[in-house]
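S.K.: Listed below, chain by chain, are the residues.
2 protein chains.
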Amino acid sequence: MKFRRSGRLVDMTHYLMDNPHRQVPLTYFSERYHAAKSSISEDLSIVKEMFEAKQIGTLETAAGATGGVTFIPRVDKSEATTFLNGLCERLEDPERILPGGYLYMMDIIGDPSLVQSIGRIFASRYRDGEVDAVMTMATKGIPLAYAVAAQLNVPVSIVRHEHRITEGSIVSINYVSGSKKRIQTMSLARRSLKPQSNVLIIDDFMKAGGTIRGMMELVSEFQSTVAGIGVLTEATHDEEPLVADYVSLTKISQVNAKEKTIKAEIGNIF
Amino acid sequence: MKFRRSGRLVDMTHYLMDNPHRQVPLTYFSERYHAAKSSISEDLSIVKEMFEAKQIGTLETAAGATGGVTFIPRVDKSEATTFLNGLCERLEDPERILPGGYLYMMDIIGDPSLVQSIGRIFASRYRDGEVDAVMTMATKGIPLAYAVAAQLNVPVSIVRHEHRITEGSIVSINYVSGSKKRIQTMSLARRSLKPQSNVLIIDDFMKAGGTIRGMMELVSEFQSTVAGIGVLTEATHDEEPLVADYVSLTKISQVNAKEKTIKAEIGNIF
Numbered sequence: 001m002k003f004r005r006s007g008r009l010v011d012m013t014h015y016l017m018d019n020p021h022r023q024v025p026l027t028y029f030s031e032r033y034h035a036a037k038s039s040i041s042e043d044l045s046i047v048k049e050m051f052e053a054k055q056i057g058t059l060e061t062a063a064g065a066t067g068g069v070t071f072i073p074r075v076d077k078s079e080a081t082t083f084l085n086g087l088c089e090r091l092e093d094p095e096r097i098l099p100g101g102y103l104y105m106m107d108i109i110g111d112p113s114l115v116q117s118i119g120r121i122f123a124s125r126y127r128d129g130e131v132d133a134v135m136t137m138a139t140k141g142i143p144l145a146y147a148v149a150a151q152l153n154v155p156v157s158i159v160r161h162e163h164r165i166t167e168g169s170i171v172s173i174n175y176v177s178g179s180k181k182r183i184q185t186m187s188l189a190r191r192s193l194k195p196q197s198n199v200l201i202i203d204d205f206m207k208a209g210g211t212i213r214g215m216m217e218l219v220s221e222f223q224s225t226v227a228g229i230g231v232l233t234e235a236t237h238d239e240e241p242l243v244a245d246y247v248s249l250t251k252i253s254q255v256n257a258k259e260k261t262i263k264a265e266i267g268n269i270f
Numbered sequence: 001m002k003f004r005r006s007g008r009l010v011d012m013t014h015y016l017m018d019n020p021h022r023q024v025p026l027t028y029f030s031e032r033y034h035a036a037k038s039s040i041s042e043d044l045s046i047v048k049e050m051f052e053a054k055q056i057g058t059l060e061t062a063a064g065a066t067g068g069v070t071f072i073p074r075v076d077k078s079e080a081t082t083f084l085n086g087l088c089e090r091l092e093d094p095e096r097i098l099p100g101g102y103l104y105m106m107d108i109i110g111d112p113s114l115v116q117s118i119g120r121i122f123a124s125r126y127r128d129g130e131v132d133a134v135m136t137m138a139t140k141g142i143p144l145a146y147a148v149a150a151q152l153n154v155p156v157s158i159v160r161h162e163h164r165i166t167e168g169s170i171v172s173i174n175y176v177s178g179s180k181k182r183i184q185t186m187s188l189a190r191r192s193l194k195p196q197s198n199v200l201i202i203d204d205f206m207k208a209g210g211t212i213r214g215m216m217e218l219v220s221e222f223q224s225t226v227a228g229i230g231v232l233t234e235a236t237h238d239e240e241p242l243v244a245d246y247v248s249l250t251k252i253s254q255v256n257a258k259e260k261t262i263k264a265e266i267g268n269i270f
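As you go down the protein sequences, you meet chains A and B in turn.
Per the UniProt record's numbering, the very first residue in the first sequence carries number 1; after that it's consecutive.
Per the UniProt record's numbering, the very first residue in the second sequence carries number 1; after that it's consecutive.
Please note that the accuracy of each hint is not assured.
Just so you know, same-sequence chains aren't split out, so a pair can sit in one copy or run between any two.
Stated by the list, open to error - Simulated pairs of lysine to any residue, SDA-like, Cα-Cα distance not exceeding 20 Å:
| hint | residue 1 | residue 2 |
| --- | --- | --- |
| 1 | LYS37 | SER6 |
| 2 | LYS54 | ALA35 |
| 3 | LYS48 | GLY7 |
| 4 | LYS263 | MET105 |
| 5 | LYS54 | HIS14 |
| 6 | LYS48 | TYR15 |
| 7 | LYS260 | TYR102 |
| 8 | LYS260 | SER169 |
| 9 | LYS181 | TYR102 |
| 10 | LYS251 | PRO241 |
| 11 | LYS260 | THR166 |
| 12 | LYS48 | SER6 |
| 13 | LYS260 | ARG191 |
Because the hints were derived from the structure by calculation, they are not lab data.
Just so you know, these numbers come straight off a predicted model, no measurement behind them.
From just these sequences and the hints, can you work out the full model?
M.R.: Right, dumping it as structure tokens:
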């Protein structure tokens, strides 16, 4: 079956969106559509032009026999700012305040469409970071970690508090939970992270940074390096945070349980 | 800025893929591209034709003033079969066998691209199910649940074993874990599922079905109904399963820890 340009553009866009950060050889498309490589090249330049015009991302082309095209998703600053301002407004909803000054977050983390936008912003921020894997802490970091990892085309390692017999041999470390000053344990299945990986740590929330520090230690237990640290929300904290170099999308500077007010602003991402 | 058809097709495909199961008014596109509605209609029929030819899904159009177009992702049987056969082959890898006959699954569940394919198959199976929410059990069901929910454009409710002070008031039930015959507790935050929802339950693994039965009870505690039950892998079990009506993608019929063999086949989905 032959395909006209218009049909090819639809299918190519679909295919590239499904396979971000993955190099696709031109021959793949020319065989898929029974079309000459020169036509495929023209198709791709239309896709590239439109992806850039609409701030979807870009196509990187590698020349030569092993050459091909790679879709790199990108979110530009103005789009991210609009999105994050909307998120801050939602964060300031006083209904969110729970006893003890905790904040209910599942309305945000339970929404796959918001989570995907968050994932895209992080993936865009770390698109040149040569990330090999995304690490997160169960439970609420998981949806965010997958949204980032899907865009970067890398696997996810899920760290847990408890040991699970269904994970085989595990690596455990003790760490001091920063805000509660309590010693806790976190573990990761030995085979869920390849040694010598460059790991992007993603979590939903950071206060003193104890959990993130723990994950950083766990990364080095796997002879691996930290590519970056991204948190959805950071809360201001009296003491110096235990983590210096992180990217936060939002920042909660004030929770007043008595007056039922929350103050949220865009984090340190820009 | 005006856009030619070729550019519109690229951006439209991107937009529709980003917004599955969501009705988009034609005026949205005609304003986005400064194009006549008649041109937009022609664009959409090209997208629809290609989505159907490449088994990506379909576009449903609603006529009239409130009319618009909805992208319904679909995976056809032959594509799903090929994918699931590959998955079964991976499941039969003897390296997966852990002490006690447990199976390591994080290589599969940790791969966002596999997880997205799994999500698409479930979303396709339940595309006409009028699903309002996806429910799952922490931890390993979470990535699958989000992959399904993103395609169906509905929120996710995460059930947990432990209580969390950061979730506000919760609903808890006791249930009997089917294979271990142990009484356990599961809870869901009161505000993480709207009453009168039609809930699709998604989990990674089902043996006797005790956990799923628990989730079904939890659904009725929220005055809601079960739209369906989908599990990635079911294991054969000596007794009658506690759940009658479920869809499994794969089935593990035999694990021989001594001889290091696993037998996996496609589940009951077709």
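S.K.: If a hint holds in the structure, say so; if it does not, say that too.
M.R.: Cross-check of the supplied hints:
1. LYS37 to SER6: Classified as both; 16 Å inside a copy, 18 Å across copies.
2. LYS54 to ALA35: Classified as between; 16 Å across copies, 27 Å inside a copy.
3. LYS48 to GLY7: Both. Shortest intra-copy (16 Å) and inter-copy (10 Å) distances satisfy the 20 Å Cα cut-off.
4. LYS263 to MET105: Classified as within; 15 Å inside a copy, 41 Å across copies.
5. LYS54 to HIS14: Result: close both inside a copy and across copies, 16 Å intra and 10 Å inter.
6. LYS48 to TYR15: both (14 Å within a copy, 15 Å between copies)
7. LYS260 to TYR102: Within one copy only: 12 Å inside a chain, 48 Å across chains, cut-off 20 Å.
8. LYS260 to SER169: Intra 46 Å, inter 18 Å, cutoff 20 Å: inter-copy only.
9. LYS181 to TYR102: within (17 Å within a copy, 35 Å between copies)
10. LYS251 to PRO241: Classified as within: same-chain Cα gap 13 Å, cross-chain 47 Å, threshold 20 Å.
11. LYS260 to THR166: between (43 Å within a copy, 16 Å between copies)
12. LYS48 to SER6: Result: close both inside a copy and across copies, 15 Å intra and 12 Å inter.
13. LYS260 to ARG191: between (46 Å within a copy, 18 Å between copies)
The structure agrees with every numbered hint stated previously.
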